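Based on these hints, arrange chain A on the given structure of chain G.
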Amino acid sequence: MSEGATSTRRRGEPWVWFVVCSIVYGGIGWWLLSRDLIFPDAMSRVANAYYVLFSRDPHLAAIGFVWNPLPSLATLPLLVFSPWFPALASLGAAGTIVSALCGGGCVAVMAVMLRDLGVTSAWTRNVLTGLFAIQALVVLSSAVGASEAMLMLTCSYTALFLLRWLQQRDPWFLVHVGTGLGLAYLTRYEAGASAVAVVLLVFVVGVVRAPRQRWAYGVNDAALAGLPFAAAALGWAVTSKVIVGTWFATFTSQYGNSAQVTSGQASIESVTGSGLDHRLLYLAEQLVHVAPLAVPLTLVTLAIALVRRDTAPLAGVAVFGAVLAFDDLTFALGSSFGWIRLQMAAIPLGLLAMGYLIGVARRRWWAVLLVVALAATTPLGWQAEATPRWGREEALAREVAQAGQYAMQRRVAADLDALSPTDGSIITDVAYSFPVFLASSHPHSYVVTTDRDFAAALADPHAAGVTYALLASPQNAPSDAVEQAYPGLFENGGGVATLAGQWQDARGTTWRLYRFT
Amino acid sequence: MTRDEVVVPALPRSAAALDACARADVAANGLAESAPTLSAKRVTSRGQRIILVAALGVVLAVAVIAPLGTITALIGLVTFIYLAALIYRGLLFYQGMRGGRVIRVSDEQAHSLSDEELPVYTVLIPVLHEPLIETLVGNLQRLDYPVDKLDIRLLIEADDEVTWSALEKLDLDACFTVVAIAPRQPRTKPKACNVGLLDSRGDLVTIYDAEDRPEPLQLRRAAYALLHADPQVACIQAQLSFYNSRQNLLTRWFALDYGAWFHYLLPGLEALKSPIPLGGTSNHFRAEVLYRIGAWDPWNVTEDADLGLRLHRLGYQVEVLESVTLEEANSDGINWIRQRSRWYKGYLQTLLVHLRRGGPVAQRGDLATWAGLLLFVGGTPLLAALNGFQWCLTLAWALTRSDLIAGWFPPGVYYVAMISAVLGNGLVIYFNVLTARAMGRPDLVWAAVLSPGYWFLMWLAALKAAAQLVFNPSYWEKTTHGLDEGGQHE
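First to last, the protein sequences are chains G and A.
Just so we're aligned, residue 1 is where the first sequence starts under the working numbering, counting upward by one.
Just so we're aligned, residue 518 is where the second sequence starts under the working numbering, counting upward by one.
Just so you know, these hints were derived from the structure itself, not from any lab.
The structure displayed is predicted, hence computed values, not measured ones.
Glycine is no exception: its CB is placed at the ideal position from the N, C-alpha and C atoms.
Hints should not be assumed to be uniformly reliable.
Not close to chain G: a few residues of chain A, all C-beta gaps over 12 Å, as computed [claimed, not checked]:
hint, residue
1, E633
2, A804
3, Y833
4, I946
5, D960
6, V962
Derived SDA-like pairs (lysine to any residue); straight-line CA-CA distance at most 25 Å [claimed, not checked]:
hint, chain 1, residue 1, chain 2, residue 2
7, G, K241, A, S919
8, G, K241, A, L912
9, A, K558, A, N989
10, G, K241, A, K666
11, G, K241, A, V841
12, A, K666, A, V841
13, G, K241, A, A923
The shape of chain G in the complex, shown without the other chains (with noise of 0.2 Å):
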């Protein structure tokens, strides 16, 4: 009876894990979301599943091509009761739920892996996963809606069951494996890096590992995990190219990362410094803080695990370490922002390091040092999201809630629904205007950048009923559709409109009403 009550509790375990970090994330998020610690990449992810539902023209396309589409769709079915619940649209409440979920799931995978990787101690395995949840990158991105805590959930899943591959060998695992890759890959792009290691490595092993018809054997494994990611790849690509005519948006679009890097690369520079030792510098800088531990220690297991004839271990660092080269290497090359976030991966990967060096070593004092280390280390990362040259989004973020940007954009929000204007009769550009058609009560009265007759009624506003502008400041809004198509809009009308309202915060950032003559 005994015996079955323990591993009751042990297969209960994960799921303690996922339900109390949920929570606590959940908590926290809401905590940074009264206070209007906002951070926008989150919230315009839930903006992209709002246009879906709630705009003048509701149709799935809306949710946009620029950003992988696996973090909106799932705050789809939240958006249905912001009707009643308005903060999960206006505040991105939604993305925060979906995240801190994610998160919480992410550190019951760890604790699943822990136990897989050998760490047979539940106290040792509760230690190391209690630490993992309270990295400050796995609490901020839990809580804040980013799409980070869907890609570790994704990352680590794909992991877990790579692990089960490597070590049991049933292809059935490979099945997870590649539903794995294919979530990860709709969640954020870089998981495309983690498709190619993983591939590879169930190629190499599946090879080696094959009793005859060694290649078809590589082939047939690397297939089982490579045809889900190889079809979301190309279904997401394929689609984009229908809808909106490019394959890749992100890299392609006005909106899209490449646009936003080479836009920003002054600012960024301003912080990193220019030039490859100065970048290399920058990364080296924030991996001591994200987590120290994680590269050495996983140089130690490659060692361990070549000496041991054991490919375990490569299931974290094919996973993990291909997210994690990809981000730094593009960052190295100039063509990434360098948020501190984007070292995210290292976390997991130190721990799974940890957890396969506990493992193997089967020694007490072993396993105490290396739980003693990460606790050490842990209040690094916190001090690095607090300071501003590191944590330049969370400083982003401070200032901008001090500044009463979001309070701002809520009253514009009102303010323009007090117009009681007709529906389709305010014309704006939502890649910026996000936060102000989120909070909204009319959202009918826009016509936003989703909608299939944006562009007819961009070109001839009278035409199209359209009354109003809504654009900010072309320092704040660099590519907006409606300043593009009448340059000078915003300074003075641009000849074609006249000034009808105009709404200010602490840091100068300017939304303008203009009223079409």
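Just chain A now, kept in the frame of chain G:
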């Protein structure tokens, strides 16, 4: 209608004493006379005809009034069926992947029964126009079973000169009996099997096709399994595989098809307690039960599938035995289509039979039975038929971007159709890749990726089947054997 009121058909044991002609008559019409609703002799019952005609009338009438709405509604309905069948397949696969239920009898266990303990085994071999009968006899002589307990019955149509002349050259062992089947309608394999059964002496009965190569211990394993099984287990199905699967792309596809069937779908059906449509050969029965339930329906061209469903309705169970019979995979496209269209036609016949009054609603009104009947037995030919149309529609739209076609798909239907098209096709290809791996046949992975070509053939077969169901319901498409190259691959 309660369970007790259900007509339980039976073949009279006394028929053994009749002359050949009378026996053939019992074999042909025994089931149809004792339990007309259970036989496909009448393709549709009167109620079914009324419902079908009324449904057709309503659709036509509505189509005249609101053509666009009707098309949309039909497309919506098809999409819904698709999705349901897809989810059910996924579920079966998942269950099968988790192991399902397969009986394993070790070599020691198979040999543990002494010759005295072993039951008399009747092996029915329906043969038609089969010049290769010598190979067949050779394969059967490899069976490890005491000769005096074997009752091998070659069932040959009386007017089948090809087989008779091939037979003349052979010197058969005492355990062989040659049964001449009197030339009476319907001239089908199940009727021949019924004739063969009527004066057989076995306690257990199995069927092999002429080209089959059963694993030598199969009879002993099946005997052991049936002696040790619950009495409700009326039949044990051995696994089928192909000896010429490397011959060409078609045989590779076919091998994957069977691989998925015996590795996942069959164990999955069993795990879900759904009825199991039996495969055409290597099913091992208790003779007693076969008599009691009326044996094979001679009017159904997939009498095996029908029998599986009838067993389920009457409360019996079917289990899967880990023992392989090698068959010849159909390597010729036209020949394959003939065979597959017969299967599809038979599945449709079976669906209609089991949807009649006193069907599974009355007898086993559980969800698993319904899902198995509608989504599996009915769904298999239906989806194969619809699949082609859906592809044509998608292609037509992709090429013309016609607003007319776009108008047939309102958003709700469109998204579901889109998801089932992309996800459904993708998943089935992926399942095939997995099947190749589970079969230990990684060389089939390319065939798995090229599966849509196989679906095209399935579509042709399904169209042929639908047409034939209307115009020639009980016509048996004979599959030509001996098209493998030398027949000794693997």
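*Is the straight-line distance between the alpha-carbon of K241 of chain G and that of V841 of chain A 25 Å or less?*
48 Å, violated
*Straight-line Cα separation of K241 of chain G and A923 of chain A no greater than 25 Å?*
18 Å, holds
*asked:* Checking a non-interface call: every C-beta of chain G should be farther than 12 Å from the C-beta of I946 of chain A. Is that right?
replied: 8 Å, violated
*Holds or violated: K666 of chain A to V841 of chain A, with C-alpha atoms at most 25 Å apart*: Cα-Cα ~22 Å, so holds.
*Is the nearest CB of chain G more than 12 Å from the CB of V962 of chain A?*
5 Å, violated
*Does the structure keep K241 of chain G and L912 of chain A at a Cα separation of 25 Å or less?*
17 Å, holds
*Are all C-beta atoms of chain G more than 12 Å from that of Y833 of chain A?*
Given a closest Cβ separation of 31 Å, the condition holds.
*Evaluate the condition: distance from the CB of E633 of chain A to the nearest CB of chain G exceeds 12 Å.*
Since the minimum Cβ distance to chain G is about 42 Å, E633 of chain A lies beyond 12 Å and the statement holds.
*Would you mind confirming whether the straight-line C-alpha gap from K241 of chain G to K666 of chain A stays at or under 25 Å?*
Distance ~69 Å between K241 of chain G and K666 of chain A Cα, so the pair is violated.
*Does the no-contact call for D960 of chain A survive, Cβ to all of chain G over 12 Å?*
Its Cβ does come within 12 Å of chain G, the nearest being 5 Å, so this is violated.
*Against chain G, does A804 of chain A keep a CB gap of more than 12 Å to every residue?*
39 Å, holds
*Under the criterion that the straight-line Cα-Cα distance not exceed 25 Å, is the pair K558 of chain A, N989 of chain A satisfied?*
Answer holds: K558 of chain A to N989 of chain A is near 12 Å, not above 25 Å.
When each numbered hint is compared with the structure, violations occur for hints 4, 5, 6, 10 and 11.
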